[in-house]
Structure formats: structure tokens, C-alpha cells
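*Asks:* Letter by letter, the chains look like this.
Number of protein chains: 2
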Amino acid sequence: MSVVLSRRDVDFLLFDWLKAAELTERERYAEHSRETFDAVLDLSETIATERFAPINRLLDANEPVVGEDGKVVLPAELGEALAVYRDSGTPAGVFDADLGGMQLPFTVSQGAFAFFQAASAAAASYPFLSTGNANLLVEHGTPEQVQTYAVPVIEGRWYGTMCLSEPQAGSSLGDITTRAVRQEDGTYRLFGTKMWISGGDHELTENIVHLVLAKVEGAPPGVKGISLFIVPKHLVNEDGSIGERNDVALVGLNHKMGWRGTTNTLLNFGEGLATPGGAAGAVGHLVGDEGQGLAQMFHMMNEARISVGMGAVALGYTGYLHALDYAKTRTQGRIPGAKDPSAPMVPLTAHADVRRMLLAQKSYVEGGLGLLLYCARLIDEQATGADEAARTRAHDLLEVLTPIAKSWPSQWCLAANDLAIQVHGGYGYTRDYAVEQFYRDNRLNPIHEGTHGIQSLDLLGRKVIAGGGAWLATLVETIKATVARAAAADETADYAKQLDARVDRLVEVTGQLWAGGDPAVALANSAVYLEAAGHVVVAWVWLEQLLAVGERHDAFFEGKRAATRYFFAFELPKVDPQLDLLASLDRTVLDLDPASL
Amino acid sequence: MSVVLSRRDVDFLLFDWLKAAELTERERYAEHSRETFDAVLDLSETIATERFAPINRLLDANEPVVGEDGKVVLPAELGEALAVYRDSGTPAGVFDADLGGMQLPFTVSQGAFAFFQAASAAAASYPFLSTGNANLLVEHGTPEQVQTYAVPVIEGRWYGTMCLSEPQAGSSLGDITTRAVRQEDGTYRLFGTKMWISGGDHELTENIVHLVLAKVEGAPPGVKGISLFIVPKHLVNEDGSIGERNDVALVGLNHKMGWRGTTNTLLNFGEGLATPGGAAGAVGHLVGDEGQGLAQMFHMMNEARISVGMGAVALGYTGYLHALDYAKTRTQGRIPGAKDPSAPMVPLTAHADVRRMLLAQKSYVEGGLGLLLYCARLIDEQATGADEAARTRAHDLLEVLTPIAKSWPSQWCLAANDLAIQVHGGYGYTRDYAVEQFYRDNRLNPIHEGTHGIQSLDLLGRKVIAGGGAWLATLVETIKATVARAAAADETADYAKQLDARVDRLVEVTGQLWAGGDPAVALANSAVYLEAAGHVVVAWVWLEQLLAVGERHDAFFEGKRAATRYFFAFELPKVDPQLDLLASLDRTVLDLDPASL
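Protein chains in written order, with the working numbering: chain A, 2 to 598; chain B, 2 to 598.
The hints are simulated quantities; they were obtained by calculation from the structure and are not laboratory data.
Which copy is meant is left open, so a pair is good if it fits within one copy or across any two.
As a list, the in silico BS3-like pairs of lysine-lysine whose alpha-carbon atoms are at most 27 Å apart:
hint	residue 1	residue 2
1	K575	K498
2	K340	K225
3	K481	K498
4	K561	K481
5	K561	K498
6	K329	K561
7	K561	K20
Only chain A is shown next, with the shape it has when bound in the complex (with noise of 0.2 Å):
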């Protein structure tokens, strides 16, 4: 059995370096312990492990189909493995006690969450989703709404979805063409086309919360005429029994290059399948106000944006761990300059490429560990800071932090993943290794859940300037401190001065970039941007983590020294270029004529 995810860097930084556990001195997470912390990870590595892990392959070789009821069939294992996950508690991580949760920090859940990500993307897909539905109706639902249809998601026996996405209008949601009319007794039927709603169909559970986005009749064009619903497969009785069948039809699933096992469906709303009351439409219920929808929505974006990232490095991270252990076994060849050719084969590891490119992966993978735990900390503070400044403050960073977290995993954790692949030869293109699946499993997520363009405008065209670049500030202000700490001690030094001259040059080039005032120059590179601030940042994270190994030295804390000097070395100059780039105001594709394409 393959190890899906280091623990012991699980545990590095979740309690040597994020302390963790000094959480548990706080009310809302008093009832915890380091023991409670550990058994929540000691039974999420057991059940990634033994249950999800094993059924990854098999998830993807067969993929949900239509039966001919109509139906969604999907492999049995998957539903037992999630009967395991729900009868853990796990699912109840982070809600409240009284709502039958566990009051978890969102830090310890994510970093739980992360064994489920890395031993089945898409087995760990329906409670992913399904949790960011529950906390969205937590945060937004009425108290009755919340027992309805949050509480049995959160005790695992329903799913939710989030239904966003229209044919015509993914990154563009304000042009959404689904409507929604109100009716007398205060529900609203909908009507219209939604796609790519993973979880949108299927048997595993007798109910499926959809959250929905429409607009209602009259509502103003764009975002603001936005509105969010709920709308559950089936309608659900007072008593919270199920109902009739709502007018939700399954019209399709999307057959992808991985997550197979999840199903990805195109969902009709309203066409008429069924008439619950009697009439066709598909009966939501308003959350909130009308034309709140996507503040709502993004309310929670946040936390769904960190997730994916973490989900990226999960692929990543178990990539790199059956890479290095092909390498370590594998042999093949001899060093060159070995003279003997019948001397025998060396271990893969033993090639200075192959170290290089587990090295890359390391620091990739675990780079971008370290910056979503960093991230989960934040929402966690952001809750429950000891007082408004720090809660603010951690709101400042996490703001400007979650493009870069969502963004630079999706990129450089599946950069791991073509290593991975490399590492392994031909064998890795294989689809009996493991390799091979992680990496198209992770080619989703530069796409769902806002594009790497969608992150790059958001970072350079929002966070940075937002309250005149006090995000921004905030964030430079942390750094400055971990450069402080680093240049006092005669191992970091010379990083932390190699760091803070990019992060000097970052904010210089903001600032370029938006003295003319307009977007459109500003933002033409922005892709170049986002890419040069997350090299920054993860640079700080690895100097923030060399900082927590301190004077400690084994092989663990040697693989970090590696790993960071490996990134200052080869990964960090990269950004020079790019912000020369960017100071430059370059027009190459603002000016490009696309008929010259």
C-alpha cells in the first residue's frame, strides 16, 4: 500500500510551523486537544489510505453511466468507501457542535481533507463539494433552511452541489440566462440549462441539495441581478422526509480527461421531467435577499479557492511520493564516467537529473502544502482572532493570498505530476502506474473554480489595490518580518536577502504596472504577474519553514534545507525576468491584432 501523503510533513507544518495546536486555547476550539488534532488525522490518513486509495484507479476506468432507468450507476466501491468516510464524522469537520459538527479548525480539516484529495481526487469530490454547499447555507440560510437542507449534508446522508456554470457563460456569470419566478407561496420555480455541476446526479444519496444561480424576472443584467436558490433533487416533507421529485432532469454527463469518477453532468432545470405541486418548474427556495447571489457565492469562495489549491498540491504531493519511490527502487543505468559496464545497475537516484527532478517536486509540492495550511490558518484567524486587528489583518492577507493559492498549485503541483511521470520513464505514461492519473486528474484545476486568467485579473486587477494596495501592504509587512527573523541567523541570511529584494521589486512593479491608470495596459500581462507573486510567496513560505526546522537535523530536516535551496537556487530568479517584463509595460499582446493569429 502506497503512501498517499507525508504525515510527518503533515505534522511539521500544521504544528511546528503553524502551531496548530495553541488553537485549542481559543473558545470556539476548546473542546480539542493535540490528541483530538491527531485522531482526526490519524483516521483520515486510515481511510484515505485503506478505502479511498485503492479505488482510485478503478474510479477512473469506470466512468458514471446512464442505466437504462435513467439512473446513474456508478462503481459499488465508491459508495462504500464514502459510507466509511460519513460514518467517520469526518464530513462534520468544521461546523458547529450544534449542528452536529465538530468544531474543528479549518486549519486541522484541511489538513485532513488533504489524505482524502490525494488518494482519490474524485472519490473526495463529492464530500468536497458538498461541504462548501453546507457552509454556504450556514453562513447565508435561515435557521430553517439550515436544519432542512444543510444539516443532513453535514451529516454526510445527502450531497450538495453548486450549480454556477451555464453552456454559454462559465468565467462570465453575470450572463447566466437561468430564470427564476417567483410564485405566491414565496418558492420560486426555475427554469434553465446548468453545466459542468459535479455530483449533479447519482444514487450514492437518497437526496441532492443543488445550490443554484438564477436570475429572477426583472432582475437587473450582470452580477447584480444574480440570485442564489436552493433546490433539492427531491422535495423535502416538514418532518424532512423526502418529497416528490423536484423538475430537475439529468440531461447528460461529461466524459473528461480525469476526475472520472466523479459525475459531471449537465443539469435542466424546470423542462418539465417532473411537476411537483402539479405544475412543471423546478421549486427553489431564496437564500436571502434577491440579487445577493454572487456575494454570497463568493462569500465562500475563499475557502472553495483554497481547497482547489490544496486539492492541486494533494495530487502533486502523492505524485512525488510514488515518483521517489520508483527512484529509490528502480535501477537503471550507471553515473557517468563509470567505467565498468558490467558493474551493476544504479537506483534512479543515483542520476543527478532524476534528483533534480524529485527535488523540484519536493519543493513544489510541499512549498504549496505549506502555503495552503498558511491559508487555512488565515480563515481560521479571519473567525477567530484574538481581537479585530488580527482578524483583519488575516482578512487582508488571506484576500490577496487566494488567487496565489488556488493559482500556483494548479500549476506547479501538476508540474509535479509531468516530473512524476518523467521520473518513471515510459512505464509513467502508463495507465498502470499511478502517475499517469494524477496528472490528468490535475490538469482540472487551472480551469474550475475561476481560471488561472480569472485569478490573475482578480490578483492584479483587485487585491493589490484594493484600500490603495493595504492588502498588498499587509502582506509585504509579513514578509518583512520572516526576512527580519532570516537575516538574523547565518543559515537564512543570505535567502532572506535574496527575498526581500523580489519582494521590493514586486510591489515597485505594482506600481508601475497602475501609475497610468489604465486597466487595460495594466492588466494585459497579468497572467506574468500572478506567476512572478506566487513564486514570491512561496519562497517566503519555504524560508518560513526553514526558520521552523531551526538548528533540528536528520534526514526530514536536510530534505528542507535541500528543498529550499534547491527553490532560491532555480525556482525564485525565475521571477526577474518576468517583473522586468512587466516594469516594461510590454504591448506585445495588448496591441495584438488577433486577425494576425
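Assemble chain B onto chain A, guided by the hints.
*Replies:* Positioned in the frame of chain A, the structure of chain B alone reads:
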């Protein structure tokens, strides 16, 4: 029907830039003219577009299986497409007229074959491998061997394979264990297992000619003990008709991420499946002398590697054209700063970041196509250059460019396929869009025919130091000649300066790496060297293209200008931190203890 490759670009590169029509002045190509070249290109474009591209997805979705009779079952459409290809006479392209060939220049042949590689990598692989096989036999076989085994392959009646790798020996060919036992009649009997044999078994042709590396009993260890054998699937009677079944057994099919339409096999030689001549053992015919196997194979390696590079370019190129087509028609959102949310959505090309992704693809695939056609032109020059100096110069350039021509497109045209998916958003991640398959197919290219790491050792460990650096000097001299021409024109002078600085630095760093004379130190970061050298070379190819554009202006030529601008602004500067790292003789990877990974 979608465009598989830009014919205008192929024509521009072949005829405007590389002056391929002037080859007809040479004796070998005297029967040809621009018109016959055009006819071959026309025919290839038509067959590729009408017969190969339409079945590409079908081949992906219907992998070969082994039927109950032990025979490989492939979709009938594949055989039909390949029959059209065979009947066109194209397989005989580059071969001598007296072998039934067309004596086409390799340059034109490669340009023509790229259409097939773009239309369906999997389908094209059958003739691709067969051509390489016949090529090798023509070069090294006896006239009788050529007549018996190569001519039917040239005629497209039989297919050929290359059997090098074994399960335990891929990159390390010196460690193969397949044995060849000398027989009294001068033939050999082979015993062993060969892995990753593409086209290793099928019913597409009545015979398959395997070219097999094996060691004659008593041969020295390592590569010096390797010999090359012809091992036909069916023995061949004296009159050329099909004889007894040889002792070559299909053990299994490999299931890959992509290239699913190509049978990729594990073959056993001499396991006793058949008993030709009454005894077990695969009957083989020695090619040339014993112990010459690897040298013979390497003699063909440049062409094979250039063809693999071209395959990577072709997949990247067709992906780019698909993404461009999509981006021009798909609408989404509005440009930054647009105020009216009810205004119609804009085409994807209106978004700067989408233009960036398209222009990046263009710079990779058109740069790659230029590089590969240039190398093909060198192969012709090496064979038919006016005098020995010209032929030597072509040879030296080819030696140093080959690892780059193989690796650079395998990396960057795969990156283009990645961007092509990204331009499509969620749709690009589904198997309904061709770009999804191109990405999976292209992921093979950094692995087969020498991995990225192997190419980097070849470049830095052999090619740039050969003859005291003579080959590298020839490349530098060639690039400097371009720089001198470019320096004289306003439009290109600045590019000339930028390129010149990088070339000088590359030479300097090469010297620094080898100054200590320690291969372990020099080669520790060879992959970084390969990448830096590749970008310098492709920047040169772009400058050459721009010089070939001259004063002409239309959308096509403006596109060349924009892509050159992009490559020099966004790509070439990436080599600076790479060269700095190399110059520092960084030991991070060299000194890394695998235990700390």
C-alpha cells in the same frame, strides 16, 4: 473539417526561408521541381485532413485489444486510412528511385509527413516507424536484405518496428539481455523480451519486420556487445512470399495515456510459440557485423529524433489552430473596464490573456516547425551538399541541434497543448474537444527516443564538447551570421543584440561548466543547460523567420512579427537565470542525499 496544419506556414518555411526548391538543382533531386514538391504537400494535406484527422478520436476511444484468436483487433477505419496513405506512394518518399522510392528531399518529406502527425499521431506512427526501419536497412543491410525486407516496407506492403528497450533496460541499452545464438547456416536464433514495441503486432499488413538489438553469446558487456538483427514476424521464402511463422510472441499490449491507436507491445522472442525450421527460437539475420548494433542504430538516431521532434511540433501546432478557431468564435464576458453588463459578450480573442495564450502557442509551434524543418534541411545538406566542407558543416550543426530538436518541441509544444486546453476552459478538459487528446498524445514525446534527461547529457556531455567544441563553434558561427544580417536592419537590430548577448553567454557558460573537467559537476544541471540552449536556438530561428519576412506585410507576416516580438520579450529572457545558475556550478542536485528526499 478543421485545419490540421498551416499550409501557408509550411510553404513559407520550406520555400521562402529554406529555399527547398533550390534542392532540385542537385543531382539526387533533379527529377523534382517546385511543382512535384507542391503535389506531394497537396496530397499529404488532403489525405491527412480527410482520412487521418476524422478517425483520430475514434482510434483514441477504441484501443487495440487481443482477440480470442490471439490476434490484435484494431478499428477497420485505421486500416482503410493507412491503405489510402500507402496507395498514394508517399511511404516511398525519401527512398532511392531504384528501390521504388521518389528521391524526395528529407526536408519536403518531413514537411509533408507533419500533416499526418498533426492529423493523427497514432495512425501516423505505423508508417513513421516503418520508414525508419527501412531507412536503417537500406543504410546497413546487404543488397539481398534490402530487397527482401526493406523494399516491401518501402512499398507499404509490410510494416517495420524497432526493438530496442527491454523491461529492465530502457535508456540503458547496454544492459539488454536478449540473446542471439549463431546457427550453422549463418542465421541466428534470438531469445528474450522486448518492451514498448510500437506496431509490434497487428493484422494491418501480412508481415512485420522487426529490427532487434541483441547480444551474441560471448559478446563483451555493455554497448559494445550489441548486434542488430532482422527478425520477421513470418519468415520470407526465397521468392519473397510469406513463409513459416517465426517464434515471436505477443505477450501483451501496453495501455498508455495517449497514442492509444498505436499498438504498443511486449514481445517475446524465442519462447517457443512457433518452431520455425523445427526448433524454438526466433530466426534472425545479422545486419552488418556483430557488435555494430548500437552504432548502426545511432546512425539513424538523428533522423528518428528529428521526426519525434516534428511529431511534437505537429501536435502542438494543430492544437494551436484548434484553440485559435475556438477563441475566434466562442464568446465570453467583456473586456476589463467595460461598463454595460447587457452589451453582447465578446469573442475570447478580445481578452488579453487569451491572446497571450494564443501568441505563446504560436511562438512555440511555429518556432518549433522552423527548427525542425531547418534540421531536415541539414540532413539533405549532409547527404547532398556541394562539397565536403558543406556536408561536414551540416553534419556538425545537425549533431549539436538534434538533442534540442528532439527535446525543445517535446517540452514547449506540449506546453502549447496545455494552453490550447486552457483557452477552451472547461470544454477543453473534455474528450469532446480534440485538444484534450493532443495533450495526452504529446506527453509521450519527452519520453521516447531518448528522454529529456538523456538528450541533455547528449548535448552537454558529448555534442558541445566534441572536437574541442568544434560543433558548437559551427552553431555559434551560424547564429552570428544571422545576427550580423539582422543587425543591419532597423526592424531586427534590437533582436540581433539580444540574441548575440545570449549566444556569447551560452558559450562562456559551456566553458565554465567544463573548466574543472569533472563530468559529474559539469553535467549536474544538464537539463537546465538543454532548456537554455533550446530557447537561444529557437530565438535564432525566429530571427531567421523575421528576416525571411523582409518588408512584406499582411496578416500572416504581421503574425510572424508578433510571435518574434513575443518570443524575445517573454521567452528568451528566461535563459538569463538559467545561465546564471549553470555558471555558479550549483551543487544542490549533485550533493543531494537521496535519503533526504
